[in-house]
Structure formats: structure tokens, C-alpha cells
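Residues per chain, in single letters:
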Amino acid sequence: MIDRTTSNVTDCKLLSRAKRGDKRAFELLVIKYQQKVQNSLARFVKDRDELNDLTQEVFIKAYKALSAFRGDSQFYTWVHRIALNTAKNHLVARSRRPPTSDIQVSDAESYNSYYQLHDIDTPDNILLCEQMEQILKETISQLPEDLRSVISLRENQDLSYEEIAKIMGCPTGTVRSRLFRAREILDEKITAVLDGR
Amino acid sequence: MGENKIHLDEKCRRDLCALMDGEASDFEVQGILTAMDGKSAREVRELWRRYNLASNSIRNETSGIGFDVSGDVVAAIKNQPIRHLTRPKKISEAILQFGVAASVAMFTIFSIQHYNNSDLIDQTPHNVKVESNGVDASMGPAAQFPTGFKPNINVQTVSIGSIRKPEPKVSLDTSLFQDDRIRDHIDRKVSEYYRQSTHIDRDRKNRM
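Residue numbers (the numbering used here), protein chains in the order written: chain A, 1 to 197; chain B, 1 to 208.
Think of the hints as simulated: they come from the structure by calculation, not from any bench.
Just to be clear, a hint being listed does not mean it is correct.
To be verified - Below, computed lysine to aspartate or glutamate pairings styled on EDC-like, alpha-carbon distance capped at 20 Å:
#1 A:K23 with B:D26
#2 A:K36 with A:D47
#3 B:K39 with A:D22
#4 A:K36 with A:D53
#5 A:K19 with B:E46
#6 A:K23 with B:D37
#7 A:K189 with A:E130
#8 A:K166 with A:E133
#9 A:K36 with B:D72
#10 A:K166 with A:E184
#11 B:K78 with A:D22
#12 A:K36 with A:E133
#13 A:K36 with B:D68
I would like the entire structure built from these sequences, with the hints used as guidance.
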């Protein structure tokens, strides 16, 4: 897995503001990581409403405990740990009620439900994801050479603007501008896909 | 969604793009957060979400498009303060802290005492001759220290009286009196003074 160091820089900037009580900064972090958290939680719960509630609970817990996050690990690693504990506690609480699922708490962490369909994994949603991935690949391959190189170095190699500038032999301002243009083109395609669902 | 992009100005979109890459300055981050309160608040959030969706998809980091819970989370934490977790102090830690504080206080007190004594010694002018006037050392300030405390002072105890400036020597030039005219003048003045004072005393007695 790629070490997203530049992503960590963004997280640190937003976290320092969130710790000072800026809820908008925390909201940007929620938007950024909610999909990953949902994917983690989907291993434990299938029901869409439950998944929704648990995802919210994870981020609310994270916000309340923000002062305890010292930055020793990446923000998502910390949130992921909260998500696992929340899911386990949820399963323990559910075991006190009539069980609706055969998942045991001891098996929860190692339980792999990747190949099982969840409520969010509707055929429409799966199709939408496949469509989006396909369109992104096609769009990137059709980008002009300078834009394609810059988005590839940034997203696949996780290089900083300075590193990309050195490789491409251009100022960092040009890298920044090219990345923006590439993202604008990709965003246009994604918006069309999402609007069409 | 397509219309939303029109409302969001290019500056904000560029800043969001830079934030995606960890390259946005503090000023730009502040600009984005401010825009989240403005008329294009929804567009900022949606563009940020789409940028992240695209990034995750290109990196193959997540599968599926979930639901957006950010609005609900923000509503839930609206009045939630961040807990400042403080670990309760153990008794041993408290005792240790007290011990350190006491040691520092003791050291400070003795340092100040020692410093003050040094000051007294240093203030003695070098050109003043310190007279040994037979003061018993056991009766001076040195004897006022607590029992067992023997300050290492290698100088003689001095008092304010001993730090005395040498009196200016006034030597009269007696040669002036050797002049006869001046001596006669002085004698005359002195005689007049006695005469007048004698008259004044006599008048006072007569009145009584």
C-alpha cells in the first residue's frame, strides 16, 4: 500500500484546526474518510441503517477524543481502531438481544465478508462503482501527456509537487496548475456518472 | 451537481485541489473553511467528496460509494466540546513533585542568603582601611546562623562604622596671622564684640 505522506500533511493541518474547535475542519476529515470507515464496518454489520449509525458513532467518538490523538500514527489508523472497537461493542450489545446474525464477537475482527453482499452493495451501486473506475481509467489515458504524467505521479506514486517538478523539469506552480486541470477534467466525468444514477 | 460547479469560484477549487495533495497553505485552508460557511458551502463539501472519491478510486483504496454521514456527524457534535483527557496523578508522582519543589525552594533560600553575604563583602571599598577595633567575632552576625551552620567566610566582619571615609584634613595657614595689620583688625573686632555684649547684658539686668 502506498504511504500517503502528503495526505498525512493535509490531515495534520485539518486536525490542528479541529482540535482548536473548528468543526468545519473535522467535517472535511469525515468526508475524506467516511467511505473507508464504512468499508471497515461493513465487515461487521450488513444492515444499511446500522452501518450508517455506526459510521456516525465512530466519528463522534473520534471528535470527542481528539485531544487524545497525539499524531503518533496516521489519523485514519487511529479512526480505524475506533471503528473496530465500536463495531465489536455493537456486536456485544446485540448479542444481549435476540441475535439476527450468526457473526460471533470473537470472529468479528477476522470475519471476512468482502464477498458477501451488503445493503450498500446493491447491484446499482456496484455498477456505479465499476462505471466510475472505468471512466476514470479511460479519461486518464486520454489526458494530454503533461496532465497524465502529473496525475499519475501524484496519485500513484504519491509524490509531492516539488518532487514532481524535479522529475518533469518545470516549476512547482506549473505542477499545481496541471494537477488542477487534470482534476477538473476527471471531476466533470465523475459528476456526470453520479448525476446519472 | 454540474450546476454547482459554476457557483464555486476557481480560487476555491484550486485551493481544494492543493489541499488534496497536502500543498495548501494555512491561508488557503482558512479560505476553504470560510467558504464552507458561505453561499457555496454545499458545493465545497461536494467537490471535496468527489475529489476524494476519484483519488480513492484511482488508488484502488476503497470499493463502493457509501452514504454521506458528514452532515449528521456535524449536527451531532455541534454542541460537543472536545474532551481534554487528563490522567489522574498518582500519589507517588505527587510526592515526587512536592519533593522536587521543596528542594528547589531550599536551594533558592540558601543561595539568596549566601549571595547577600557575598554582596556585603563585595561592597567593602577596596581603598578603605578596615580597622580591627577589637570586635568579638562570636558576637557578630556570624553568630546568628542556625546551630551547625558554619558559613565559610574568610574576611573580617565589618560594620557600617568602620566603613568611614577619611576625614578631610584642614590645615590653617597661620602665616596670615603674622601680618600685624590683620591681627590688629581682628583684635579690634573682638573687643567691639565683647563691649557690645557687655552693654546688652547690663541693659537686660536693669530692665529686670
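Point to revise | Those earlier numbered hints the structure runs against, lowest number first | key: Hints 5, 8 and 10 are the ones this structure does not satisfy, whereas the remaining hints hold.
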